[in-house]
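Now for the letters of each chain:
2 protein chains.
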Amino acid sequence: MSLDEMFYPESVAVIGASNKEGKVGNSIMRSLKRKYDGEVFPVNISEDKVLGLKAYSSILEIDEKIDLAVVSVPAEVVPDVVDECGDAGVKNVIVVSAGFSEAGRRDLEREVEDLVEKYGMNLLGPNCLGIYNPSIELDTIFNPPEKQDRPNAGSISFLSQSGAFGAAVLDWFSEEGIGLSKFVSYGNRADIDESDLIEYLSEDDETEQILFYIEGLKHGRKFFSAAERSDKPILAVKSGRTKEGSSAANSHTASLAGKDKVYEGVFSQSSILRLRDLREMINIAKSLSFQPLPEGDRVGIVTNGGGAGVMATDALVERGLRLASFSSETQAKFRKAVKRGIIPEHATLNNPVDIIGDAPAKRYRRAMKITLEEKDVDVLLIILLAQSPSLEEDIVDVLDDMQDEGKPIIAVAPGGRHTKELRKKIEKRDIPVYQTPEEGIDAIWGLCRCCEIQDKKDV
Amino acid sequence: MSLDEMFYPESVAVIGASNKEGKVGNSIMRSLKRKYDGEVFPVNISEDKVLGLKAYSSILEIDEKIDLAVVSVPAEVVPDVVDECGDAGVKNVIVVSAGFSEAGRRDLEREVEDLVEKYGMNLLGPNCLGIYNPSIELDTIFNPPEKQDRPNAGSISFLSQSGAFGAAVLDWFSEEGIGLSKFVSYGNRADIDESDLIEYLSEDDETEQILFYIEGLKHGRKFFSAAERSDKPILAVKSGRTKEGSSAANSHTASLAGKDKVYEGVFSQSSILRLRDLREMINIAKSLSFQPLPEGDRVGIVTNGGGAGVMATDALVERGLRLASFSSETQAKFRKAVKRGIIPEHATLNNPVDIIGDAPAKRYRRAMKITLEEKDVDVLLIILLAQSPSLEEDIVDVLDDMQDEGKPIIAVAPGGRHTKELRKKIEKRDIPVYQTPEEGIDAIWGLCRCCEIQDKKDV
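Residue numbers (our numbering), protein chains in the order written: chain A, 1 to 459; chain B, 1 to 459.
So here's chain A without its partners, still in its complex pose:
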């Protein structure tokens, strides 16, 4: 069954909607009322109105067709409520309530599972935050916007088993300006699991990449084949790499985290890109969101600090990327720039190109242009030590202009207050800026691996 109405509902009922501040059912109502354009129907047994909208004492009382019901009532009541949803012909249900298998109540969850089967409905959760779909502003997340921002619409879908962690990532996405297609917090997976989501998002025109935070899979084989069939790059952070971590994961999720080696195998077989950690996930997501994929993994580097260029070179070699070689034509262009006084004699004209500490924006322009024109360069890393008095703000325009060359550009600028301002200005032009050479290279690695996966899938 399609999940279209779950992600793009025209009407949503909130069962357990509340006027009381601090209640989850109140926060969900607020999230939905904020921007979502569809109709919202609060269901509350004792109130006439919730947040100004007419309230219903049961979903069965609503005459209109309800595409999606969001349930936030005590766990013990959830089976009855789901039963009523089935009765009312509601085909899509999100159960936000916790207190199921994760809290030792496997029995309650089984009741819900049976009802899902009986009515042939789609159910997300229990024990989850639900969905955020920025393109229609569908927002079932109960965290208030003062505490958690929502990212703008974009191309990355992010799926998280853990709601708390998912919310932190969304919040961070917003801060970094990473564009989101769909966010799904899927919790205990009584019905909809990772595989169903991969299948749906693989057909979703708004999604270009699928990002996962996984603690343990429910159906490994099903996941594997869904990932295999998908024509979109899938990137995953999975916790529980060590024995101790995995045992901690087992005690906190209902599912077994399982042996990490098994996951490693499944991931590589189904060409899922496994990411090291949260920082790497954010870094790669930012580049995917801002820049095109490169055509290969040969990196050109232009820097005003030799040491930072060396660090980037170390990092790229260790990540299995290649330092681009310069043709004699490129070398001649550099020599000409030296002759014309644009690049000083003591600059390093080989990759990594070191245009020295006193480089102004104009010198960057020339060096970047020559490097981008080199056909051995697939992607360009620009390092800016912006503490230098010589580097003017014109560098923002220079970086922007260089995007016309059509190759991805990733920037690195370590530092404090002033550098932070500069980073913001550059990122407004859609060039991601990282704080360390290593993280810039991590991002490039992510782009290159996604391009590789895409190529494999396109064959």
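To be clear, the hints were calculated from the coordinates, so they are not data collected in a lab.
Take these hints with a grain of salt, some might be off.
In this list, chains with the same sequence are indistinguishable; a pair is considered to hold if it fits within one copy or across any two.
[Said to hold, decoys possible] The list that follows gives simulated cross-link-like pairs (lysine-lysine, DSSO-like), each with its CA atoms no further than 30 Å apart: (1) Lys-369 / Lys-339; (2) Lys-336 / Lys-456; (3) Lys-425 / Lys-23; (4) Lys-65 / Lys-23; (5) Lys-23 / Lys-33.
Given the coordinates of chain A, work out where chain B should sit on it, guided by the hints.
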């Protein structure tokens, strides 16, 4: 010879001081005039005054005793100027000017070396930024404060071969509130090298840890024995780990970066803690600056998100730290807290302690207190997913109060805008807050390794 007058001069001459904005000699004068309390003597061949101070046409014309001369004149003129300094009896010279061995002019550098020997002076550089000593506000860095902040006084000394990279680190230090004892950009090391600096700073009461950014050593054996003799922890980032990186380093510094394996050996033999990269350096420096060293490497974790606890557990095991075990007494305390309703039944009461997504500050207080009282816990990692509507700002006080237990506390709070504000508030209380579980663990690893090194040196 002692470097006391170099780091704590009562009078400084700036040779090449200038009224022209944009000139290095102008920026250095501005940096010195900003806060430094000692006397400043500009030397300029054609001006009567520089920035309002009487200018001298040569250092030989100044009657007062000059403790330190800072030289910023074209490289070709440097030998003459150094010669005059020697004549004038100046014993400490910083040569900021570039254009020596790093630019193929080994001959010029040799001239300077000979003069240093002739006069028995201390010379820092050439091709460097010089010194920043916040305790007397000695500041020879030519980067303007609008582009590069200066950190406050503190316990960490940071030494950088590369001036550009060093400036970026200082700027970042300021942003993070990391306290600095001395900054030294030592450039080409015509005279003073890493070993001399280790020796001096080992005797310096204001320095507790010595941080290095190294591209290549000049005298490996001398460095090794100075590090051996030092009773302070030395931490180093060295670039040029790979063949490609090392070859890039060779082309940009005058010194050979050398085989990385050799460094690895020297570092471990002289108990220098080698750091992976810039991010790790900043992360560890922050914890060293904010928190006491732990007495061992057994980590307690308290989190409101199970997944983040698992990530931290993975990371600590992979870094060779230990997950603390809870005694039956501690377990009993936790059960009592559950009975009294402070901690919910479905919380995970073992390490990592998961007090669940709806934890308020009060629950953190109880869980932290119990965990800190456990004698198997040497250091506490607190994870805050601050997107949760339940977590109030009281958490700032809770964290602060827990410092009374005397064990180091490190916090992790991933997220966006709101979380950033919260991080700032917590850091005002001297508890460092990191953006990912892995980085919190990196910081703890740094503290534990420094404690280990300290113990070894104290024997």
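Going through the hints against the structure:
1. Lys-369 / Lys-339: Within one copy only: 17 Å inside a chain, 68 Å across chains, cut-off 30 Å.
2. Lys-336 / Lys-456: neither (41 Å within a copy, 57 Å between copies)
3. Lys-425 / Lys-23: Between copies only: 27 Å across, 40 Å inside.
4. Lys-65 / Lys-23: Within. Shortest intra-copy distance 26 Å satisfies the 30 Å Cα cut-off; inter-copy 74 Å does not.
5. Lys-23 / Lys-33: within (16 Å within a copy, 59 Å between copies)
The earlier numbered hint that this structure contradicts is number 2, and it is the only one.
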